[in-house]
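Q: Below are the chains, spelled out letter by letter.
2 protein chains.
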Amino acid sequence: MNNSVWTLARTPPAGWPSEDDFAWQERDLQQPAEGQALTRTLYLSLDPYQWGRRRSGVEAVGSVCHGRTVSQVVESRMAEYADGDFVFNTAGWQSYGLIGEGVDVFGYMFPRRLDPEIAPLSTAVGILGMLGLTAYSGLIVQCDPKPGETVVVSAASGGVGQAAGQMARIAGCRVVGVAGRQEKCDFVVNELGFDACVSHLSESYADDLRAACPDGIDVYFENVGGKTYEGVLGLLNTHSRITLCGFISQYGNTDGKDAAKVWRATGEPFFQRQSTTVHGLFVGNYVKSHQDEFLGKMAGWMVDGLVTYREQIWEGLPSAPKAFAAMLDGSNFGKSLVRVNADPTLT
Amino acid sequence: MNNSVWTLARTPPAGWPSEDDFAWQERDLQQPAEGQALTRTLYLSLDPYQWGRRRSGVEAVGSVCHGRTVSQVVESRMAEYADGDFVFNTAGWQSYGLIGEGVDVFGYMFPRRLDPEIAPLSTAVGILGMLGLTAYSGLIVQCDPKPGETVVVSAASGGVGQAAGQMARIAGCRVVGVAGRQEKCDFVVNELGFDACVSHLSESYADDLRAACPDGIDVYFENVGGKTYEGVLGLLNTHSRITLCGFISQYGNTDGKDAAKVWRATGEPFFQRQSTTVHGLFVGNYVKSHQDEFLGKMAGWMVDGLVTYREQIWEGLPSAPKAFAAMLDGSNFGKSLVRVNADPTLT
Numbered sequence: 001m002n003n004s005v006w007t008l009a010r011t012p013p014a015g016w017p018s019e020d021d022f023a024w025q026e027r028d029l030q031q032p033a034e035g036q037a038l039t040r041t042l043y044l045s046l047d048p049y050q051w052g053r054r055r056s057g058v059e060a061v062g063s064v065c066h067g068r069t070v071s072q073v074v075e076s077r078m079a080e081y082a083d084g085d086f087v088f089n090t091a092g093w094q095s096y097g098l099i100g101e102g103v104d105v106f107g108y109m110f111p112r113r114l115d116p117e118i119a120p121l122s123t124a125v126g127i128l129g130m131l132g133l134t135a136y137s138g139l140i141v142q143c144d145p146k147p148g149e150t151v152v153v154s155a156a157s158g159g160v161g162q163a164a165g166q167m168a169r170i171a172g173c174r175v176v177g178v179a180g181r182q183e184k185c186d187f188v189v190n191e192l193g194f195d196a197c198v199s200h201l202s203e204s205y206a207d208d209l210r211a212a213c214p215d216g217i218d219v220y221f222e223n224v225g226g227k228t229y230e231g232v233l234g235l236l237n238t239h240s241r242i243t244l245c246g247f248i249s250q251y252g253n254t255d256g257k258d259a260a261k262v263w264r265a266t267g268e269p270f271f272q273r274q275s276t277t278v279h280g281l282f283v284g285n286y287v288k289s290h291q292d293e294f295l296g297k298m299a300g301w302m303v304d305g306l307v308t309y310r311e312q313i314w315e316g317l318p319s320a321p322k323a324f325a326a327m328l329d330g331s332n333f334g335k336s337l338v339r340v341n342a343d344p345t346l347t
Numbered sequence: 001m002n003n004s005v006w007t008l009a010r011t012p013p014a015g016w017p018s019e020d021d022f023a024w025q026e027r028d029l030q031q032p033a034e035g036q037a038l039t040r041t042l043y044l045s046l047d048p049y050q051w052g053r054r055r056s057g058v059e060a061v062g063s064v065c066h067g068r069t070v071s072q073v074v075e076s077r078m079a080e081y082a083d084g085d086f087v088f089n090t091a092g093w094q095s096y097g098l099i100g101e102g103v104d105v106f107g108y109m110f111p112r113r114l115d116p117e118i119a120p121l122s123t124a125v126g127i128l129g130m131l132g133l134t135a136y137s138g139l140i141v142q143c144d145p146k147p148g149e150t151v152v153v154s155a156a157s158g159g160v161g162q163a164a165g166q167m168a169r170i171a172g173c174r175v176v177g178v179a180g181r182q183e184k185c186d187f188v189v190n191e192l193g194f195d196a197c198v199s200h201l202s203e204s205y206a207d208d209l210r211a212a213c214p215d216g217i218d219v220y221f222e223n224v225g226g227k228t229y230e231g232v233l234g235l236l237n238t239h240s241r242i243t244l245c246g247f248i249s250q251y252g253n254t255d256g257k258d259a260a261k262v263w264r265a266t267g268e269p270f271f272q273r274q275s276t277t278v279h280g281l282f283v284g285n286y287v288k289s290h291q292d293e294f295l296g297k298m299a300g301w302m303v304d305g306l307v308t309y310r311e312q313i314w315e316g317l318p319s320a321p322k323a324f325a326a327m328l329d330g331s332n333f334g335k336s337l338v339r340v341n342a343d344p345t346l347t
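Which chain is which? The protein sequence lines are A and B, in order.
The working numbering puts the first sequence at residues 1 to 347.
The working numbering puts the second sequence at residues 1 to 347.
Calculated from the structure, these hints are not laboratory results.
Virtual Cβ for every residue (Gly too), placed ideally from N, Cα, C.
Check before you lean on any hint, since a few could be wrong.
To be verified - Listed below are several chain A residues computed to face chain B (Cβ distance under 7 Å; list not exhaustive): (1) T238; (2) L244; (3) Q272; (4) T276; (5) T277; (6) H279.
So that you can see chain A by itself, here it is in the shape it has in the complex (with noise of 0.2 Å):
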């Protein structure tokens, strides 16, 4: 039995990946030690902030690739786990992964089981996972919406959008999408309940958010900066609040300037004459502090139905690079992750 593994071929150069970035292998099959842990990876999640990593050469070349990952423990030599157990861990592209003493997890996300009777599996690395505890850390906690105020969210059918724009919802607030294409628009009023949606990919985009926004914009959840966050710019009020999560409209931008600074050179007069608050957002600072609080309310919501969530699964470890280019693109159409081997409670 092989390992089937995608490393980074190179570091990639500015723009959007290409299949040169990776470069597929069959290795053998790793045995675990003594105090470790052989699992199979269910489901791979690709995610926006995987590509600063590879092009800003933190992922070394060579390296498996880095990815959040739902698997199953298959041969246990550690007291935490059992074979058979699910486990939420960071095996990376690849279809084996070792968890346990010596392996080197991804700094603040340590394995964790996960009980499929809760929730589906796949959402241990999206809704009920660090994609909503990121949605949760920038809106809840940075950005304390109030019942009343208006919360815009861009990218609004993506991963973390969703989860972020249902929050407000449940705050209490006017929740405004931004999104692509109209069916992506249409999903997020008509499933996910937001009040509106407003297209960047329309030329009377800043006039559409302008009428859907009356009152102005309290609270704004940056994924994409570029002409969406311009749009969003002269409808702050005073003491609006801003989470900086990404900027995927910069990511693949090949003249030398830097995502954050795109952004930032836009907006500044505004922010200080509004008294607005910019959040820069990594979740890895909220994990201890918030996390146990996170998964208690969003099971909640969840078991409650206030919570819906769209994935869009990619069949087979093969296609992680062509998912991962659509998921940076905007071809993709909600949180994208890789079924990589089957999931054995979807039967």
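With chain A's structure known, arrange chain B on it following the hints.
A: Coordinates of chain B only, in the frame set by chain A:
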């Protein structure tokens, strides 16, 4: 009897103020209409924001230069004030002014009566006025410093910096100032009770600041920008907070760079990783919500001897342009005021 007036002679070019920006006029004294009062200016406050108003064209050429003042009512035709009352108002750079019906006030700053028994009159445009409220809004309301945290205050011997740093000390923080000349640094430590003060004029400024902040920086009160700020950057802790009050080092730029943009262009990569929060500060947004709370607390601190305060008082309205330039280039020392007419409470 005449009213002596400094008017704006031109929209000043880039750089620092010069005498050519101002024109002296002797005007007839205005008579108060029914519902108005004539006031004699005692103190005129000089503040960095005035330069922004002049440079940006907000202040019209030919108009009386804007400024907050402490005045005494000399002829009242309004019920709220009697002859001899002391008031905070916004008479501007002139020796007499009107308050009351139909008299333009500067937005959020309405006249209020002053009691010279509580504190020296000059503090009404200083630590017991908008300047203290600026410090309070930025440091306490926005940044919420916790005991034991490290707070860095730039322009530490200036009006807002003095107030902010002492509030941080009262809050139980380690307080580190940044100032210019050695005598300013000594004052900040010995008189204001900061734990340390480093000079931005020193070649070892960045190292000095690092040494003064062994546990990193949790809160930064930004008055200055430029090199002062760059030293702060790499020392910011996770969940650090910044309040953007001003960028005085950049106000004289002649290269067309906007002050705020210069500030931002250096900082952003840190903000996201550390989940740093940046608050734009405009004190006008905090008057209704926090002025009463602030005045109560500050009066208490002054009575308890917890707060001290240094002013530089220039004698006579003719000195205003020179005093204004000195405040911007740092050759002043303390909160800058002009004594326009004698203060009858000081005898």
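Q: Could you run down the list of hints and mark each one as holding or not?
A: Cross-check of the supplied hints:
no., hint, result
1, T238, "holds (5 Å)"
2, L244, "holds (6 Å)"
3, Q272, "holds (4 Å)"
4, T276, "holds (5 Å)"
5, T277, "holds (5 Å)"
6, H279, "holds (5 Å)"
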